[in-house]
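Participant: Spelled out from the first residue to the last, the chains are:
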Amino acid sequence: MPKTQLTKDKLQQKVKELLESEKIEAFVGYGEGDLSLKKIPLVITRPEDVSKLTFDQTSTPLLSRYLLDGELKDKKVGILLKGCDKRALDLFEKENRINKENIYTLGISCNGVISINKMSEYLNDPTEYELNFDGEKVKASSKTGEEVEFDYQDILSPHCHICQSPTPEDVDDLIENEASEALVPIKEDGIMDSIIELEKASKEEKYQYFIESLNRCRRCFACREACPVCNCPKCLFDIENPRFLDKSTEESAQHQYYHILRAFHVADRCVGCGECERACPEEIPFYLLHEKIKKDIDEMFGEKEDALSYAYPDDVEPFEEGGEA
Amino acid sequence: MKLTDIKKVLEEAFEKNEKLEEKYNICDGEKENIKSFFFPQTEKYLEFKRTDKGTEFFPVNNGLVNDSDGTGSDETDGAKEKINVVVRAKPCSVEALEVFDYVFLSEPVDPLYKEKREKTIIISSSCRELKNSCFCTSVGIDPYKPVGGDVRIDDSTGGVVGVTPKGKDFLEEIFEADESKKSEIQKLEVDQESDLEKGNVKTSTEREAEKDLANRLKDKLDNMQDSKLWDELSLRCLGCGVCTYYCPSCHCFDVCDYYKKDTGSRYRAWDSCMFSEFTSMAGGHNPRPTKKDRIKNRFYHKFNYLPKLYEKLGCVGCGKCLVHCPVGISPLTLLREMGEIEDEDKSISTS
Ligand code: SF4
Ligand code: SF4
Ligand code: SF4
Ligand code: SF4
Ligand code: SF4
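Just so you know, the protein sequences line up as chains V and S, in that order.
Residues 1 to 325, numbered by the working numbering, are exactly what the first sequence covers, in order.
Residues 326 to 676, numbered by the working numbering, are exactly what the second sequence covers, in order.
Think of the hints as simulated: they come from the structure by calculation, not from any bench.
Treat the hints with care, as some may be off.
What the hints assert, rightly or not - Cross-link-like lysine-lysine pairs, in silico, DSS-like; alpha carbons within 30 Å at most:
hint, chain 1, residue 1, chain 2, residue 2
1, V, K14, V, K52
2, V, K143, S, K333
3, V, K247, S, K444
4, S, K341, S, K456
5, S, K356, V, K247
6, S, K374, V, K247
7, S, K671, V, K8
8, S, K671, V, K137
9, S, K341, S, K506
10, V, K118, V, K137
11, V, K100, S, K333
12, S, K333, V, K16
13, S, K470, S, K456
Said to hold, decoys possible - Computed footprint of chain V on chain S, listed as stretches where at least three residues anywhere in the stretch have a Cβ under 8 Å from a Cβ of chain V:
hint, segment
14, 419-432
15, 443-452
16, 455-463
17, 597-608
Model, not experiment: these values are computed from the prediction.
C-beta atoms are modelled at their ideal positions from N, C-alpha and C, and glycine is treated no differently.
The whole structure should be built from the sequences, with the hints applied where relevant.
Facilitator: This is the structure we're talking about:
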């Protein structure tokens, strides 16, 4: 039996128990989407629906953010968490954004997820392929019969290369992922190779590199919305009066403004899930800005354990009366 | 020579002929969202400047007002003056232009759009391989029979034909400049067995089917105002702008002013109905305050309001939103819940 099937069986069994025993009212996990390369977030409430749950290296979206607001907020919910998703949940707890009492955390040991953006470095149209995972190798086959083989490493999300805790800690229960025999040798210093590369470049080269890539930005905000820690109830860039960010996409300076400011807002809280990188339709390497800031913080102030600052629900809205913008 | 080589054939013709080279600019309709040729993400209306004499306004090179004194914009980009020839325009994206024409060319006509639309030459061609993300046939579009376009490369009739006077003139001009291109273009042939011939896909060859579908979905949606589906979709949706920005038929825009010190400009820019501030009004009221209101509106616009207005769907099944949505939402989800597509396993309905 394929290892992903074994993992899936264990997951479904466990969730079935949780729902049947009424320990939880709903479970947030992954389901099959319309594209085989992307699992989708799925909320189920009935034990007979557990067969819809699945998990593999294409289960990319972060689930923790769904507990922040909306109808799941005050329910007894079970949630499937990879390492990064658990790190995000921990942050929400510190910030008082969730009620931990109501949440059953089902961890899953993770062996990284793929990035379709990475795949497009090798394939013209990644979504035309089905992936077959076999240990350290991945076979991509298209319906026209074309086959390409990769090292799993080649199409792994850049953030997963440096993930320090792919197996979530302090969870209510943990599902051992059958397919995870340390497929991913993790870089223990937590620094992306591309950061080291970039640091070697001259000032002008770096500038050129970022300008050229940032200018492709459509300002669709997928990078912001997909990020679990980018969760201010009112984002500075959405404020209309005064408008901080020009809607025009013609001025390079505005792209820089958006990305550098976002980098400063999230870098210290970033849980390194890589969803921002995967969400960007233009494949813009803006996340290197965050990674560089993280590295600088660590070097200059010593390794940080936690976010440098927290936001609390009763904080004064800085853009409203009484706040200090 | 393959049908898809039209781009190469034209590029060669242009290369050999300076006059053509100067006049035309080849754009790839497969690589780019073709709406951006007629409706760029940002388009300036005017610039303004505060001087001792008061505020002065300068219309920008939109073809409306001749900015001959040169005080306004300095963007006289050569490429902008050229005529765009959009090659490899797919049946889906060309269909989507009908939505655009409906919106921008009905009274009151939008002059910025009209100007670009009239100037551009669209070469539409049959689409021979359906991608995993395509579902044009589910919304009544025939990928082998492009509609629209000035020049059409059509499998079902065979060969390359000028459709509109503009398209015919364009072909004539190419042939006049380079006689050999005539036979080359005429010889372009079907390069592979299509999915249709292989039996991989069923397609409706009648445009009527699309009308039927539009009417059916419209009626069904009339009774789906309170469906739980909207709760489920809005829970999952992140509220970004991807689905609308990459959609060939989404056309909403915002008019904004931007100024620094004494100079500024007024322009329009793409907007997305999925953004929280999309319908927010002066004074702060927002008639669509929740994500649920917004995603519902997006689907109603495409599958109910537009069919009511002109019997066409606002979705051409190109699958762009499906490919780019970080959480895999697309009209397929809606069509499935409405019983138009069968696939129990992927149903999200939990009630
Ligand atoms: S960052 Fe990557 S490897 Fe680490 S837990 Fe998340 S998905 Fe898994
Ligand atoms: S910035 Fe990117 S990598 Fe960091 S938490 Fe947000 S989405 Fe994840
Ligand atoms: S996801 Fe990419 S294109 Fe969209 S706003 Fe972010 S960087 Fe720009
Ligand atoms: S792309 Fe997906 S997540 Fe983003 S607004 Fe559209 S449906 Fe929602
Ligand atoms: S809604 Fe999606 S599938 Fe339909 S036309 Fe727009 S991008 Fe294409």
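Participant: Evaluate each hint against the coordinates.
Facilitator: Now for the hints, and whether the structure bears them out:
Distance check on the hinted pair: K14/V and K52/V sit about 13 Å apart at the alpha-carbon level, within 30 Å; holds. A C-alpha spacing of about 27 Å is found between K143/V and K333/S, which places the hinted pair at or below 30 Å, so the restraint holds. Only pairs whose Cα atoms come within 30 Å are accepted, and K247/V paired with K444/S is accepted, the gap being roughly 27 Å. For the given pair, K341/S sits about 35 Å from K456/S by alpha-carbon distance, which is inconsistent with the 30 Å threshold.
Straight-line distance between C-alpha atoms of K356/S and K247/V comes to about 24 Å, which keeps the hinted pair within the 30 Å bound. Taken as a hint, the K374/S and K247/V pair is honoured in the structure, with Cα atoms around 20 Å apart against an allowance of 30 Å. Using a Cα cut-off of 30 Å, the hinted pair K671/S and K8/V holds, with the two alpha carbons roughly 16 Å apart. A C-alpha spacing of about 28 Å is found between K671/S and K137/V, which places the hinted pair at or below 30 Å, so the restraint holds.
Only pairs whose Cα atoms come within 30 Å are accepted, and K341/S paired with K506/S is accepted, the gap being roughly 11 Å. Distance restraint check for K118/V and K137/V: the Cα-Cα separation of roughly 15 Å lies within the 30 Å cut-off, and the hinted pair is therefore satisfied. A distance of roughly 61 Å separates the Cα atoms of K100/V and K333/S; the hinted pair therefore is violated under the 30 Å criterion. For the given pair, K333/S sits about 58 Å from K16/V by alpha-carbon distance, which is inconsistent with the 30 Å threshold.
The suggested pairing of K470/S with K456/S holds, with an alpha-carbon distance near 17 Å, which does not exceed 30 Å. For the segment 419-432 of chain S, the stated coverage by chain V is violated: 0 residues have a C-beta nearer than 8 Å to a C-beta of that chain, whereas at least 3 were required. With a cut-off of 8 Å between beta carbons, the segment 443-452 of chain S has 0 residues touching chain V; three or more are needed, and the interface restraint is violated. For the segment 455-463 of chain S, the proposed coverage by chain V is satisfied: 3 residues have a C-beta within less than 8 Å of a C-beta in that chain, meeting the threshold of three.
Judged by the Cβ-Cβ criterion of 8 Å, the segment 597-608 of chain S is covered by chain V as claimed, because 5 of its residues qualify and three suffice.
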